[in-house]
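K.L.:
Starting from the structure of chain A, add chains B and C where the hints point.
Chains as they are written, first to last, in this note's numbering: chain A, 1237 to 1614; chain B, 33 to 326; chain C, 18 to 267.
Read the hints as simulated data drawn from the structure, not as lab findings.
Errors might be hidden in some of the hints.
To be clear about the criterion: a stretch of chain B counts as covered by chain C if any three or more of its residues have a C-beta under 8 Å from a C-beta of chain C, and this derived list gives those stretches [claimed, not checked]:
{"no.": "1", "stretch": "61-67"}
{"no.": "2", "stretch": "198-208"}
{"no.": "3", "stretch": "220-233"}
Estimated spans, in silico, between C-beta atoms of each pair [stated by the list, open to error]:
{"no.": "4", "chain 1": "B", "residue 1": "ASP154", "chain 2": "A", "residue 2": "LEU1567", "range": "20 to 28 Å"}
{"no.": "5", "chain 1": "B", "residue 1": "THR108", "chain 2": "A", "residue 2": "ALA1438", "range": "57 to 65 Å"}
{"no.": "6", "chain 1": "A", "residue 1": "TYR1594", "chain 2": "C", "residue 2": "VAL180", "range": "33 to 41 Å"}
Stretch-level coverage of chain B by chain A, calculated; a stretch enters the list once three of its residues show a Cβ under 8 Å from a Cβ in chain A [as the list claims (entries may be wrong)]:
{"no.": "7", "stretch": "137-151"}
{"no.": "8", "stretch": "265-279"}
The model shown is predicted, which means the values in this text are computed figures rather than measured ones.
Beta carbons are placed, not taken as given, at the ideal position from N, Cα and C, and that holds for glycine.
Each chain is listed here by its residues.
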Amino acid sequence: MTSRTDHLTHPHTPSTTQEVVAGTVTPVASGEGHGARRIVRALPAVVVLAVLAYLPYLPVELPGVLPGRVNGPGSMQLLATCLVIGGIALSYDVLFGRTGLLSFGHALFVAAGSYLLTISLSTWALPLPLAVLVALALSTGLALVVGAIALRVGGIAFAMVTLAFAQAASIIVMRNPGGVTGGEEGRPLDRDAVPDLLVGVANAPYRYWLALSFVVVAWVVVTALVRSRAGRAMAAVRENEQRAAVLGFGTYRVKLLAIVVGSSLGALGGVVHALVLGGSNPHLTTSEFTLSLLVMVVLGGAGSRWGALVGGVLYTYADARLVEVSNAAFLQDLPVVVRQVLSQPLFILGVFFVVVVYFAPSGLTGLGGRLIRRSGSR
Amino acid sequence: MSDLVLLLVTGLGLGALYFIAASGLSLIYGLMGVLNFAHGVFMTAGAYAAWLTMGALPVGWPVAGRLVVGVLVAVTVGAVVGLVVEVVLIRPLYRHHIQQVLVTVGLALAGVAAAQGIWGADPRPVESPAWMSGTTDVLGARLPNDRFVYLLVAAALFAGLLALLHLTRLGLVIRAGVENRTMVEALGINVHRTFTTVFALGGAAAGLAGVLYSQYAGAVSPAQGGSLLIFAFIVVVIGGMGSLTGTAVAAVVVGLVQQLANYYAASGVGDLSVVLLLALVLLLRPTSLKGATA
Amino acid sequence: MTERNPSAPESSEAAPVLALEDVHVRYGGSHILQGVSFDVPATGVTALLGRNGVGKTTTLRSIIGLAPRTGRILLEGTEIQGRTTARIVRGGIGYVPEDREVFGGLTVEENLRLVDPDRGVDAPVVARLFPDLVSRRGQRAGTLSGGQQQMVSLARVLLRENVLLLIDEPTKGLAPKLVTEVADVLAEVARTTPILLVEQNLPLVRRIADRVVVLDAGAVVHRGATADLVADADLTRELLGVSMRRAGVA
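Okay, chain A solo, but in the shape it has when bound:
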């Protein structure tokens, strides 16, 4: 139905086009007090970061919230996983929330980062720094190729094609060619190839800090990207691709850039994921994981750093902890079938997701932002 709206997107007058561009650009440079305001704006993030960085020193129990002490290995591992996935959700938001690309193939690049790291370390016997570089370089190259092909179609067809590519990766991993991916078992991390600090139950806090650093890196990269010229072009593409083209943005290039940057960050997330969880798991390649990334970003709030991060963290936390719900006392009187269904975290998350799409289209952070009369941290 493009033709019916074409006349609306033709450049009517200079004033309307300016209006749209201005509306999509984050109001970064807004006059005096700019530096001070920037610090104030960054304050919540800095405070949250400080609190999170301090958690491994907190020997407090939070019954029902975390398993054991906050700085115990169980809690640390859970929180580290939540953070990694949160960072990966942040990387996916570069495509979905920032550029409006409905990709179902993001898992492909996360899995590529994860598997290429474990394979580089074990099969190719590379030292860790080199292995990380190899994993990132190959994943980025893959993103370039897959993105260039998939972008030949738009909209919904793009979603289907990216899904197909991710599925191909899943098949390869499951078939375990030459024994490098480990099939259904996955590929464990070569413990001798990584620093001792990242190995073992007792060192969970270090893996937690590693995960936290990844989130910081992802946050900084996304912030810099969004504020750059490319980021503005991405926003223009998201708001109205035809108009962006009319305004002279090379929309194909802009979208490819978003895919490459988002996927590289995702691959870095995969690398950290492998280090934190001690190996590569085939679950990372499944369409379910790809779909869950989309769910996370929408749950939290697409197109916002807080939204994607919070969505990723909450989703992972809920997925891990919701199993407890089925044991809750108030559920014991319900029919068996209802309890069986409620025992599935993904059922609750799926239903909750549908509710959010209907009633809180800007996600949980958007909702929270509206409630406290702040427009979030776009």
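P.N.:
This is chains B and C only, laid out in the frame that chain A set:
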């Protein structure tokens, strides 16, 4: 020679399954622009409905009889689920294509999880009529009989849908709507009613695909619909999104390529060659695919 | 060939068939219609004029509910906000869109049967106004010439009983001879059904339109009899950026 015949027939049988799964998807996409991730759940619903029905019917009945009843129930369940989903979840989001996709994604996750909670994640074996598990010798090849069933059902479905599209008022509205929904509406035709009908129709076809795929796999499992769905997506894209004949041709090609590559190259290469085929199609003739904007 | 209706301009004795009151349309951050108000009298042709991109097509689309709007739109005195497009059209507003929008994969017959399942090409109005289509009933509409497609697009709408027709640039891209043919059809139709016509071809407007409404930047800037606008060359140039005299007469 006998190997080739076997491969061709099994490939066609697989293609038949893909067509049955993709036909509803293609109609729904073509007319409404909705990428229906819940289609896999419709298939799973059909498969479990048939499995439960077959289990509930008296054991004294012949398996074939119970299977036929099971298929009828599956088709009905698929249609009802499709109808309800369209009316309750899709229609309020009319013209918000991304949100519609998101809702079906949520349904897909929740549906699979619900099936897993109730019947467990492990595959449950399904009964097959003895004849369907047997083989027939043709040109020296021992051909599994079930493939003929899939081919027959797919051919009947294809003919039925073509007749529907070209001989009925509903079909005329669908064909016009696939070209230009808004204009159909602007001619005073209530296209929403057609949407609901097409969703129910797609759900029915999905239910059918679900049962037949569980016969093919010999078991029902919660994730089954999802794995068939991905190939159905590929078929829909290669077939040209919304063209029934294109979907049929693409389904046959994908089924054949998969079987031949699996045999002549290595097991698993077939699935990959299908994705490669998709990439090739996109590179060689991207313009023939409707690059639907959102 | 057709006489202009002499009593039409600015006559307010009869109730208008359609009234727009302070209609606004916003789309993707642009404010396209900024308070459009005008009446369409129940007879003859009202031409909606203006430069490219001032909101003429959007005005038509807002009337049949294809563009989300605020403000009032009254069809024979009744507000039609909230009705679906299909219901508005069935309520008597026929819409012939810009660029014809025939269903290219469907035959001429099928294009018409979509609106009138029982008669299609056999409807008397088709034989009377578009004899060419009868012989092409089995041809795919996508293979027709632009002029023939325009005839299909017009015929489709005329199969219904309409209280008003919205017709968007029916002569766009047509050869001069076909422009005359389309103009003849419009003049004929206008004898029985009022038309709100968007048209860039000023000689055509001059020939068949009784009155004009001129838009600029999403608002009405002029209303009046066609003859008055034509008579005032400066006004024409100011409003439309062209000289009607120089544009010649069909």
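K.L.:
Taking the hints in turn, state whether each one holds.
P.N.:
Hint check:
{"no.": "1", "hint": "61-67", "in the structure": "violated (count 0)"}
{"no.": "2", "hint": "198-208", "in the structure": "holds (count 5)"}
{"no.": "3", "hint": "220-233", "in the structure": "holds (count 5)"}
{"no.": "4", "hint": "ASP154/B to LEU1567/A: 20 to 28 Å", "in the structure": "holds, 24 Å"}
{"no.": "5", "hint": "THR108/B to ALA1438/A: 57 to 65 Å", "in the structure": "holds, 58 Å"}
{"no.": "6", "hint": "TYR1594/A to VAL180/C: 33 to 41 Å", "in the structure": "holds, 38 Å"}
{"no.": "7", "hint": "137-151", "in the structure": "holds (count 13)"}
{"no.": "8", "hint": "265-279", "in the structure": "holds (count 5)"}
This entry does not satisfy hint 1, going by the numbered hints stated previously; all others are met.
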